[in-house]
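**Student:** Listed here are the chains, written in short residue letters.
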Amino acid sequence: MTMKKKKTIFTAVVLAILLAACIVVDMTLPTYHIAVTVIKKATVYALVAVSMNLLNGFTGLFSLGQAGFMLLGAYAYGVLTIPVAKKASVYQYFDGGAIPFSVPEIFAGFLGETVGTVVGMLFCLLIGGLLAALMAYLIGLPVLRLKSDYLAIATLGFAEILRAFFQWNALGPITNGSNLLKSYPTFGKATPYVLLAGLMIAVILLLINSTYGRAFKAIRDDEVAAEAMGINLAKHKRMAFIISSFFAGIGGGMMAMYMGTIAAAPFKSSLTYEILLIVVIGGIGSITGSVLASFLYIFSSEWLLRGLDSGTFLGINAPDIFKNGFRMAVFSVIIMVIVLFFRKGIMGDKELPDLIDPKYRRKKRKEAAGK
Amino acid sequence: MSKSVLKIENATMQFGGVVAVDNLNLEINEGEIVALIGPNGAGKTTAFNVTTGVYQPTNGAVWFCGEKVIENHPQGKMKKLYKGEHDGEYTHVLAPTPDKITKMGMARTFQNIRLWKSQTVFDNVLIAKHCRATSNVFSATFRLNRKEEARQRQEVLELLEVVGLADVKDELATSLPYGKQRRLEIARALAAEPKLLLLDEPAAGMNPQETDELTAFIGEIRDKFHLTIFLIEHHMNLVMNISDRIYVLDFGKLIAEGTPTEIQNNKRVIDAYLGVAEDA
Amino acid sequence: MKKFFALALTLAMTLSLAACGAKEQAPAASAPASAGNKVVKVGVYEPQTGDNGAGGKQEILGIEYAHYLYPTVEIGGETYDVKLEIVDNRTTPENGPSAAAELINRDVSIVLGSYGSGVSMAGGAVFSEAGMPALGTSCTNPQVTADCDVYFRLAFLDPFQGTVLANYAYNELGVDTAYTLAMLGSDYDQGLVYYFTEAFKALGGTVINEDFPEGSANFVSYVNNAKAAGAGVIFAPVSINYAQLIVEASAAQAYEGALLGSDTWDNNKVIEAATGEDIRAFVTTFYQEGGAPEFDSGIKEWLNANPDQLTNNGGNDMIAAVTAVGYDAYLTALEALKLAGSPDRAAVLKAMPSVSFEGVTGLIEFDSIGDAKRDGAFIKTANTVDGVWDFVKIQTVQ
Amino acid sequence: MQELFPYLLNGVSVGGQYALIAIGYTLVYGILRLINFAHGDVFMVAGLVMVYSTTSMPIYLAIPLVLVATVALGFTIERVAYKPLRTAPRMSVMISAIGVSYLIQNLAFYITGGVPQPVSNPIPWISDNVVLFGASTKRVTLITPFLTIFLVIALVYLINNTKIGMAMRAAAKDFETAQLMGIKINSVISMTFVIGSFLAAVGSMLYFTNYPSVAITSGGMPGLKAFVAAVFGGIGSIPGAVVGAFIIGLCEEIIKGLGYTTFSDAFTFALLIVVLCVKPTGLFGEKVTDKV
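Residue numbers (the working numbering), protein chains in the order written: chain A, 1 to 371; chain B, 372 to 651; chain C, 652 to 1049; chain D, 1050 to 1341.
Just so you know, these hints were derived from the structure itself, not from any lab.
No experiment lies behind these values; they were computed from the predicted model shown.
Fair warning: there could be bad hints in the mix.
[Claimed, not checked] Using 30 Å as the maximum straight-line C-alpha spacing, the simulated DSBU-like pairs for lysine-lysine come out as follows:
#1 D:K1328 x A:K235
#2 A:K5 x B:K378
#3 A:K350 x A:K4
#4 A:K147 x D:K1328
#5 B:K450 x D:K1212
#6 B:K378 x B:K566
#7 C:K689 x A:K323
#8 B:K374 x B:K566
#9 B:K471 x B:K450
#10 D:K1132 x B:K448
#11 B:K474 x A:K235
#12 D:K1222 x B:K451
#13 B:K518 x A:K5
#14 B:K488 x A:K350
#15 A:K235 x B:K378
#16 A:K4 x B:K540
#17 B:K439 x B:K454
#18 D:K1328 x B:K471
#19 B:K471 x B:K374
#20 D:K1132 x D:K1212
#21 C:K1024 x A:K323
#22 C:K689 x C:K1024
#23 B:K451 x D:K1328
#24 C:K1001 x A:K86
#25 A:K147 x B:K474
#26 B:K488 x A:K344
#27 A:K350 x B:K551
#28 B:K595 x B:K450
#29 C:K1024 x A:K86
#30 A:K235 x B:K518
#31 B:K624 x B:K566
#32 B:K378 x B:K595
#33 B:K551 x A:K4
With the rest of the complex left out, here is chain A (with noise of 0.2 Å):
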């Protein structure tokens, strides 16, 4: 019991140290202060990355539709958010849109300019949840029956028919077809990121501890098992796949804010690939690793390591090489050496709390010996 408790002071006290951080970070620097871009941008992705773990580390379903479920939550978001005022100028090309009001607005309506926005903000990231969940549900039908490299297959060619759609100038009026949208409101320092992503990935590690959670690892570990000890691989299975679609959709409106403006494009499969290599990173199956990895991924490819891509690295000067695009090129090698020689990652299964268990210690010392 006294372990269970020093787990339980060492998360809450490294936790509330990263908050106390990123408030600090929040009222000493500027909003467009590139350590406040990073950390909006890493707690997105961190979600994200969560959310998708969920799915392809906890329940054992390789899925690669991560990316149509975020531009779901990213347009639902944006669609619903822009001010009135501003929808003549943002959707230039069709007569101000299709929907005549604004989400925020209306809130601000009964409770006030400032609470009544960001109220209005926070529920319309949850339809965007809402919508990609209600997506995943009707995909899921059909696709979940799907074996492994199949699913992942047919769950990326939902996610590029989806993005067709959003570009289609047919349905303009609410998409704003190929163009951007943009002007809506956003949070621009980096706490509230941190807490309201915080919050959602505190809930799914509670799913993941309850008697669902522990159904998904099953599922993941044995189809067969599962099934024959009266788990309902259909339900649960679809039950795991509309939860993580719906966080990817919150993710999704979460990246809108951080972006500022919407289109279609970013959500590429390629978004889906970076997004899983982050959680092959972190560890496959441990939440922790995958924020972590997101922070350590973001960090470097938009601060620490940008000097690879222009000219300058470590005080090393050597533009013939260090140009433009040898960042990601070193960041693949690493990625490959990570996939090929360190295959758990960097958390493995573990999460945060269990870093402080001798128990994990002894066994990473035995392992240590046996090799």
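Take the given structure of chain A and dock chains B, C and D to it, following the hints.
**Tutor:** Frame of chain A, contents of chains B, C and D only:
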């Protein structure tokens, strides 16, 4: 004592042109331990799979506790290919998935151990309790089901105590020795709270001492949990010691049925096991 | 933890290997560091990679050439060395915000760019938060400046360009059916097509609009569709890569009508694809070689002096209009810095509207929205024999 | 008919190009049960090699170089990224495939500077224009289907009549048993990658002669579509992949011709999902059942 728990009625399982189980009829009554034996490839595991819903029989029905739970008749291509008997007697299709069968009160183990490898002993058993949980995904996620969860955990602890795995409850299931893994699989099946327990070669790979222990164990749990047990086994010691009745399968067909003594003296059974010389 | 170290080690090794391979290069020759001077930084927000990478690089060349000619600026009586901070926005809007934030992080006084509208809009939001003045180069979508107080622009706008092309097609080429082709998801393409269609229909013509998905390579059926529709002109305001492929496909299918392109087409890769083929192509653009002979000869000499620069320009010393725009952008920025009297970005932002400057692409003055006042566009046609763009006329719209 | 003809001509040609890529997918999947996500990128690299080699050496050296380089790349990918994971779960191998695809694209990005590379010296003769029944097209369009069929026949002959072909069939039927029977499984797998890459290289040269610009993402779409073709025809079946590829090529061009250009890519994926749900074994595929 005479209440029927499981009744397999005219079940035929045909894969393409191969008849794996041919017109199988058997009945198991409450509290019995019944064994299904036969040479390798006789169709024993297939019969299990038909009973538990893994395969849908080509023709025939399965009754559980007086209710018809599985029924099928040849359809599509099978109509022409069907080689079994009782064609046309069954007209309905009733094909529940294995999880539904388990919820009705049948739980099984596997010939080749299928534990959840990344889970601890405790969690392996706890997961099997999932099918008895009444909470929905929301109440479970937000811990509104605390009472149920606590009760289930308590039950699992007690169960592990009974099967003698309490001391290793936090070990990974795969780190257990072979015999204990077998035991854990039985414990997991018990956690699903079955009326009928199906054991697929529970003693496979065990030495005589372990087999004896298992024999005693099976008897124990039958009494303790008021179970009916249906098992497949090759260890004749175990079968003869604990079975109330035995069914013998060869080439998919039932060739004998009776008490252990009757079976031991049945000529067809001996022939099936030892082979018959063509010109004898 | 051990894995962590292993990872770090791998990273370090990769880097050090790379470093060993690299020859230590002398700092770029174009920055004569007169040690005592203060430094003012000018940010360059351009795509160097992705679909617009080629165009972005040409624009950067213009900026670099201008910087080579004018490496210092007089601000408030003091001489400052100008330092260019170039960041790649990778063509796509999702990479815009972080590239923009990176520029602000490097504390530049003004930002130049970008080639492409979508990414400019994405960056605009960040610049606006930081109060960073931005000078759009060849982004032509009206929304870049419309909703953004800090964005100014040198290029003409899509409504103007679309109308110019529609007029040219209808009146000068005598075509009454037009076929438009735009990439799905590119608001530059779609915007131009929209304005072209409006104008062409207003003139009494018919227009067939079609889109192609990103990453398409096979344009044969699109050209066949245009042929089947009896279109006398294919209007495809697409990025350079697709322009090449459309030129190729039209040639292969022996399309007899004219190809109509926007400012993106004014590129030597496109003319290369057209050379030796039996096609007709017309483009609108900002600048025509020969418009400022001194600039022409100077930049050609500069380009030829360095093989890398030549490669970035597409392999020869032909001057793209965007290069001229880049050149003007840099000089406009210096003008704004002088006017502001301080490298402080707020001061520069305040000075921007009052800039008046005669550049190689014409007089540069901003209207109330922040767009340069432009009333004419250059129309050029592809000379498929010599492989150059020939000047046709300057088209204006009332 | 006169109006339809150019679309059909183009569709058959596109189908031929897809077929050459699809065979690579289907062969590898048949043996390793792995979707080789990197195959499309191998195809793209072949295009890049062609761009660089044709500008720096005579054509009779450039073409063999493209073939050799592509085959070497396919072989290396298998040895480095898939072989070490032979006993790993399927998801790991697939992730490795995605990782390789990511790596190739990023390396290509680094080398090309992220800018699409035009094919400025296309292979002569086949890139010339010809007129057939009033429809103008490049000669390569006409050659592609015939070359494809010829190569497929050669491949089928190889698989049915040679020792290595027999080994490949055995490995596809039952990986483990084939291994037990003394078949050198690693050389069989390498061989499938070599054949797949060789055909992809040929397909690549035809494709990029027709559409002369190579971007780092150029392999993505043709790769995915070829994969869909392989699934459509029944994955593991060579004739299936070829028939599937021709059907998809034709459908795609006809859909463009009908004016649904927005959905020309989406259609392929919709077809994929429908096929997977209705008949996952495709046109010619065999049913595989899992054993409990």
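**Student:** If a hint holds in the structure, say so; if it doesn't, say that too.
**Tutor:** Results of checking the hints against the structure:
no. : hint              : in the structure
1   : D:K1328 x A:K235  : 22 Å, holds
2   : A:K5 x B:K378     : 52 Å, violated
3   : A:K350 x A:K4     : 15 Å, holds
4   : A:K147 x D:K1328  : 13 Å, holds
5   : B:K450 x D:K1212  : 41 Å, violated
6   : B:K378 x B:K566   : 14 Å, holds
7   : C:K689 x A:K323   : 28 Å, holds
8   : B:K374 x B:K566   : 12 Å, holds
9   : B:K471 x B:K450   : 27 Å, holds
10  : D:K1132 x B:K448  : 41 Å, violated
11  : B:K474 x A:K235   : 14 Å, holds
12  : D:K1222 x B:K451  : 28 Å, holds
13  : B:K518 x A:K5     : 21 Å, holds
14  : B:K488 x A:K350   : 15 Å, holds
15  : A:K235 x B:K378   : 29 Å, holds
16  : A:K4 x B:K540     : 16 Å, holds
17  : B:K439 x B:K454   : 24 Å, holds
18  : D:K1328 x B:K471  : 27 Å, holds
19  : B:K471 x B:K374   : 22 Å, holds
20  : D:K1132 x D:K1212 : 22 Å, holds
21  : C:K1024 x A:K323  : 37 Å, violated
22  : C:K689 x C:K1024  : 34 Å, violated
23  : B:K451 x D:K1328  : 22 Å, holds
24  : C:K1001 x A:K86   : 25 Å, holds
25  : A:K147 x B:K474   : 25 Å, holds
26  : B:K488 x A:K344   : 16 Å, holds
27  : A:K350 x B:K551   : 26 Å, holds
28  : B:K595 x B:K450   : 46 Å, violated
29  : C:K1024 x A:K86   : 25 Å, holds
30  : A:K235 x B:K518   : 24 Å, holds
31  : B:K624 x B:K566   : 27 Å, holds
32  : B:K378 x B:K595   : 24 Å, holds
33  : B:K551 x A:K4     : 28 Å, holds
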